[in-house]
Amino acid sequence: MMNFAFNTFTRILHANCQQMIQETPKIKKKDYQQVAEEALQKAVSIIESDGWKKERSNGNGDIIYSKTIPIYGKVFKFEGILNMPAAKVIDILYYKVEEMHKWNPTVKKCRIIEKINEHVDISHTIATEGAAGLVASRDFVNIRIWKKKNSDYLHGSVATNHLEVPEIAKYVRGEQGPTVYIMSPISENPQQCKLTWLLNTNLKGWIPQYLIDQTLSTVMLDYVHSLRKHSASSKTSV
1115 MMNFAFNTFT RILHANCQQM IQETPKIKKK DYQQVAEEAL QKAVSIIESD
1165 GWKKERSNGN GDIIYSKTIP IYGKVFKFEG ILNMPAAKVI DILYYKVEEM
1215 HKWNPTVKKC RIIEKINEHV DISHTIATEG AAGLVASRDF VNIRIWKKKN
1265 SDYLHGSVAT NHLEVPEIAK YVRGEQGPTV YIMSPISENP QQCKLTWLLN
1315 TNLKGWIPQY LIDQTLSTVM LDYVHSLRKH SASSKTSV
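Each number in this note's numbering corresponds to the 1-based position in the sequence shown with 1114 added.
Hints in this document: simulated from the structure, not taken from any laboratory. All values reported here derive from a predicted model rather than from experimental measurement. You may find that some hints are simply not true.
Unchecked claim - With a Cα cut of at most 30 angstroms, we get these calculated DSS-like pairs of lysine-lysine: (1) 1263 <-> 1308; (2) 1261 <-> 1222; (3) 1263 <-> 1181; (4) 1308 <-> 1343; (5) 1262 <-> 1188; (6) 1202 <-> 1143; (7) 1142 <-> 1262; (8) 1167 <-> 1308; (9) 1263 <-> 1210; (10) 1168 <-> 1202; (11) 1188 <-> 1222; (12) 1168 <-> 1308; (13) 1318 <-> 1210; (14) 1167 <-> 1229; (15) 1216 <-> 1318.
All chains, full assembly: derive it from the sequences and hints.
Given below as structure tokens:
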């Protein structure tokens, strides 16, 4: 029964997102808010679901898990400890996202297309090539949201469309399913937090599945490494 409800909710959310993509001119701010909220809820439910298998780990104690969801394909979950407060992570990933290219080598450019409110906006990100050039540069248009739930900070996103950034031949337009970062403060040390990150993305184009799996899990570890390095350098520069 639980699996049936989970799959039904997944299909409804996917249909809502696809409808938004197809009916871009009709989208209102309240609709963006609703889809962002639903996507965040869905992403959290995926993270909390069973069936995750360990994919890889590293010497920092970081672990990446994966599972397959019929409507999305293979999704990935990262778990690790960051030496920074949860609030700082939100500041870097949400409010300073347009500076991401300065510290994240997998991002060429990121800009906010439209601000819906203080907690919801729409971004356009251009990613660099991956897998030594075998994966061409992609771009993504996402609705982003963040909120605080108890002591945790949640930052979710999902693909959408926007008149200001139509698809162009220069980039393959990737599509992101419900995705979330959950930053949970460490009670023993408020200067640290646990990061639980769901990566749910369709790179589109023709790419062998093994290459996608290898690329995405590597990107996750590299991304967190860059985030840690950026946080450490910002501390020393103050």
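Going through the earlier hints one by one, which of them does the structure break, listed in rising order? Checked against the structure, the only hint that fails is number 14, while the rest are satisfied.
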